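**Student:** Chains B and W supply the protein sequences, listed in that same order.
For the first sequence, the residue numbers in this note's numbering are 1 to 188.
For the second sequence, the residue numbers in this note's numbering are 189 to 605.
For the record, the hints were derived by calculation from the structure and aren't laboratory data.
These numbers were taken from a predicted model, which means no experiment stands behind them.
Any given hint could turn out to be false.
[Said to hold, decoys possible] Capping the alpha-carbon separation at 25 angstroms, the derived lysine to aspartate or glutamate pairs in DMTMM-like fashion look like this:
id	chain 1	residue 1	chain 2	residue 2
1	W	301	B	8
2	W	301	B	46
3	W	301	B	103
4	W	239	B	33
5	W	464	B	164
6	W	271	B	73
7	W	301	B	45
8	W	239	B	111
9	B	107	W	377
10	B	107	B	45
11	W	301	B	153
12	W	301	B	33
Chain residues, written in single-letter form:
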Amino acid sequence: MARINRRELTNLLGAVGVVAILGGLAFGLPAADRSLPAERAVPDDEPYSAGAGVTVVPPSGAVLDVTGTRPGDSQGTVLFRVGPVRYAIAVRPFRGDLAAAADRLRKRIVDTTGYQVTSAQLTVSTAGGLAGLQGGYTAPGRGGRYSVFVADEHTIEVTISGNDLDLGRTLPRIEASTRTLRQNGEPR
Amino acid sequence: MTASVVRPAAGSPRVSALMRVPAFWVVLAVVAAGGLRMAQLAGQFFTSYPKATAASVLLFALLAVPFWLFVSELDFFEPEPTKLLVLAFAWGGLVATTVSIPGGVALQNLVAKLGSPQLAAGWGAALAAPTVEEIAKTLGVVAIVLIARSQVNSVLDGIVYGAMVGLGFQIAEDIVFAVGAVALAGQGDQVQPVIATFLLRGFLSGIWSHTLFGALAGAGIGYLVVSRERGGPHRVGVAVLGVLGAWASHVLWNAPLVVDGLGNGALALLGVLVVKGLPPLVLILLLVRRAHDSEADYYVGRLAELDDPELITGGELEALRSGARRASARRLAAEQGGRAAASAVRRLQRAQARLAASPSVEQGKAAVRAQRAELRRLGHPEAVAGPVSWRHRAWTIAATAVAIAVLWVALSALGGA
Numbered sequence: 001m002a003r004i005n006r007r008e009l010t011n012l013l014g015a016v017g018v019v020a021i022l023g024g025l026a027f028g029l030p031a032a033d034r035s036l037p038a039e040r041a042v043p044d045d046e047p048y049s050a051g052a053g054v055t056v057v058p059p060s061g062a063v064l065d066v067t068g069t070r071p072g073d074s075q076g077t078v079l080f081r082v083g084p085v086r087y088a089i090a091v092r093p094f095r096g097d098l099a100a101a102a103d104r105l106r107k108r109i110v111d112t113t114g115y116q117v118t119s120a121q122l123t124v125s126t127a128g129g130l131a132g133l134q135g136g137y138t139a140p141g142r143g144g145r146y147s148v149f150v151a152d153e154h155t156i157e158v159t160i161s162g163n164d165l166d167l168g169r170t171l172p173r174i175e176a177s178t179r180t181l182r183q184n185g186e187p188r
Numbered sequence: 189m190t191a192s193v194v195r196p197a198a199g200s201p202r203v204s205a206l207m208r209v210p211a212f213w214v215v216l217a218v219v220a221a222g223g224l225r226m227a228q229l230a231g232q233f234f235t236s237y238p239k240a241t242a243a244s245v246l247l248f249a250l251l252a253v254p255f256w257l258f259v260s261e262l263d264f265f266e267p268e269p270t271k272l273l274v275l276a277f278a279w280g281g282l283v284a285t286t287v288s289i290p291g292g293v294a295l296q297n298l299v300a301k302l303g304s305p306q307l308a309a310g311w312g313a314a315l316a317a318p319t320v321e322e323i324a325k326t327l328g329v330v331a332i333v334l335i336a337r338s339q340v341n342s343v344l345d346g347i348v349y350g351a352m353v354g355l356g357f358q359i360a361e362d363i364v365f366a367v368g369a370v371a372l373a374g375q376g377d378q379v380q381p382v383i384a385t386f387l388l389r390g391f392l393s394g395i396w397s398h399t400l401f402g403a404l405a406g407a408g409i410g411y412l413v414v415s416r417e418r419g420g421p422h423r424v425g426v427a428v429l430g431v432l433g434a435w436a437s438h439v440l441w442n443a444p445l446v447v448d449g450l451g452n453g454a455l456a457l458l459g460v461l462v463v464k465g466l467p468p469l470v471l472i473l474l475l476v477r478r479a480h481d482s483e484a485d486y487y488v489g490r491l492a493e494l495d496d497p498e499l500i501t502g503g504e505l506e507a508l509r510s511g512a513r514r515a516s517a518r519r520l521a522a523e524q525g526g527r528a529a530a531s532a533v534r535r536l537q538r539a540q541a542r543l544a545a546s547p548s549v550e551q552g553k554a555a556v557r558a559q560r561a562e563l564r565r566l567g568h569p570e571a572v573a574g575p576v577s578w579r580h581r582a583w584t585i586a587a588t589a590v591a592i593a594v595l596w597v598a599l600s601a602l603g604g605a
């Protein structure tokens with residue numbers, strides 16, 4: 001059996017070093033991310049920015065998940081967790097009407113394998129007068145609600161998901177929160 | 189960084205020789221793993237959006253062709269072996285991307301957790317993506333060095349391999365972004381978001397993106413490998429500087445700076461491109477030029493030592509020094525002897541470049557003499573550069589004007605979208 005010489009050993013160690021750094025990037029960083037808690041307490045009596053000038057008052061008992069929260073200047077997302085229920089708001093630039101925005105969100109939902117929209121859409125509105133459309137969907141092992149609003153060339157997409165039992169318990173609080181959605185400049 | 193250190197390689201490495209290098213098998217396994225992961229991702233894309241995915245693969249593959257030709261032509265005197273260029277491209281497109289997707293997300297999350305969601309929203313992409321991606325791409329050049337160190341024999345070689353890793357990364361990332369835009373549009377399997385992404389990422393931000401960043405990092409690694417007369421700390425320092433330069437250019441490109449001050453629309457987009465993209469572009473082009481000229485001086489000097497006008501004349505030595513003068517020599521040949529003469533000049537220049545790498549090899553001299561005989565037969569015996577042609581200059585200006593007009597239309601379409 002041929003023995004490995006010093007040069008080959010150095011070469012092999014170099015390659016192992018490269019793999020180790022790749023491993024650090026691909027697995028080490030996600031492990032470090034997982035080791036730190038993502039949830040932060042958030043006051044439920046003052047508006048929280050979802051980005052692009054859109055604010056929402058969090059539901060009582062909700063915590064903020066910082067991994068899904070990116071409130072930027074021109075677009076943004078915010079993710080709350082109410083127990084096991086996921087309450088997400090995404091604000092994105094959009095040129096179109098409410099029906100087109102709702103259609104876009106419904107298509108994105110059904111494009112996800114196993115997801116189906118379940119009911120006709122209802123009109124909803126926020127306390128500040130933003131008009132929106134609301135519907136429901138099912139996913140494997142969970143159900144969900146969505147709402148869409150359009151304001152100032154932005155679409156505000158709200159998705160709520162969890163199992164039916166948890167949803168039934170938390171939906172009133174979350175829908176109350178959704179009604180506090182407000183775009184900058186909109187009268188309180 | 190562009191010290192005139194050039195160490196000619198002994199020729200293209202055989203696969204059998206590469207297979208005896210332990211790192212070859214490790215790198216091959218890593219590329220295979222990356223390929224498997226990207227194939228899974230592509231499978232998901234094709235399942236959800238077959239038409240859009242096929243369109244994005246086709247468009248960005250076509251975009252890669254001119255970039256590939258340009259990058260692989262940078263080192264005229266000692267072109268890099270195709271198999272190593274393919275490996276560099278595969279590293280960028282399969283390995284660096286596979287690693288960067290989870291690593292980038294995790295680092296952005298860490299910015300949000302250790303800083304704030306607001307910081308992550310504004311600076312997350314500017315801090316996380318360059319940090320993970322530039323390291324992953326630079327490792328591709330390191331992998332080439334481990335596999336075929338003798339093939340990295342000038343700073344320019346490092347630039348070429350680094351640019352090729354960056355090109356692979358850029359193309360794969362663009363495809364992922366294009367299909368992501370299709371999903372976000374929520375209009376089903378439509379091609380329009382792919383075309384918008386192609387214009388924005390392919391043309392407007394493509395030229396000063398990963399290919400350039402990779403070239404800068406590759407220059408640092410090239411210097412580290414070839415500048416053996418320098419001390420270790422100096423070489424490592426320059427290599428780190430190259431990688432940091434790539435990182436800083438990438439941070440500047442991703443940073444939320446300037447964006448807000450210029451408003452919206454085509455002019456604002458053009459302003460952002462110029463302010464954030466042009467400085468790294470100019471810096472890296474100057475570096476490439478210096479590295480190229482440094483290498484050209486070395487090889488032209490070797491040819492001059494032959495002192496044989498049958499192999500190369502004084503005028504041809506001057507023409508061989510730069511890409512512009514080589515092209516000018518081919519144009520002059522085309523004007524005086526037709527396309528056949530231009531092709532013969534191209535072959536002569538290639539033969540002279542090969543001879544420069546191995547001046548003592550009789551086979552190389554015979555190849556040059558054969559092309560010289562062909563040129564004589566065509567009535568154009570010497571491949572010298574022609575005088576500055578007004579026709580060529582006018583053509584260049586017209587082509588530039590058309591390119592700017594196309595860019596302007598694209599900017600307007602995107603700015604008004």
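**Student:** So, for every hint listed, does it hold in this structure?
**Tutor:** Evaluated hints:
| no. | hint | result |
| --- | --- | --- |
| 1 | 301(W) x 8(B) | 43 angstroms, violated |
| 2 | 301(W) x 46(B) | 21 angstroms, holds |
| 3 | 301(W) x 103(B) | 34 angstroms, violated |
| 4 | 239(W) x 33(B) | 36 angstroms, violated |
| 5 | 464(W) x 164(B) | 49 angstroms, violated |
| 6 | 271(W) x 73(B) | 46 angstroms, violated |
| 7 | 301(W) x 45(B) | 23 angstroms, holds |
| 8 | 239(W) x 111(B) | 14 angstroms, holds |
| 9 | 107(B) x 377(W) | 10 angstroms, holds |
| 10 | 107(B) x 45(B) | 34 angstroms, violated |
| 11 | 301(W) x 153(B) | 30 angstroms, violated |
| 12 | 301(W) x 33(B) | 8 angstroms, holds |
Checked against the numbered hints above, the structure breaks hints 1, 3, 4, 5, 6, 10, 11 and satisfies the rest.
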